[in-house]
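Position 111, counted from 1, in the sequence shown is what this note's numbering calls 111; the numbers after and before it change by one each time, with no gaps.
Take the hints with a grain of salt, since some may be wrong.
To be verified - Using C-beta positions, here's what the derived DEER-type ranges look like:
1. Asp118 x Gly59: 25 to 31 Å
2. Leu125 x Ala11: 36 to 42 Å
3. Ile50 x Asp118: 52 to 58 Å
These aren't lab readings, by the way, just hints derived from the structure by calculation. Backbone N, C-alpha and C define an ideal beta-carbon position, used for all residues, glycine too.
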Amino acid sequence: MIYVFILIGFAFLLYAISQFMKKSNSQKMNRILRYGFAAVFGLLALFFVIIAKVIPIGGLLGLLSFMSARGSLWRLFGSEGNSRPGERASLANTPMTREEALDILGLSGNPDALEIRDAHHKMMLKMHPDQGGSDYFASKLNQARDILL
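Start from the sequences and build out the full structure, keeping to the hints where you can.
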């Protein structure tokens, strides 16, 4: 019975942390919390499997550990933002003119394919979601590159 209370407490703690992560703008803080919880869940999984001999709970905590490290646990609790992926994709696929594409990539005139790819690469290094950028800006950069090429 005590294990059920422990799991309920962890579920509440996860929800509270996910709400904090939703309000936080720091990608670094979110990453620290994700991997910190992954480590805690992993250690708890080992404890439940090895010491307490409660394999189902240990397996569940092991799954939560993996999901926390991948970020899918936090998306499940809704801490990755309020908009749905379909909304973001539809915003990114609005029509773009050649002038807008040049402006987005920081180019002017009539650049050749190498200049377009180089500008796209440099901007993507800054705006990629893995580097703290957003899916929206990364898709706009890709759209601008596709229009110019």
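Could you check the structure against the hints above and give me the numbers of any it violates, in ascending order?
Per hint list: single violation, 1.
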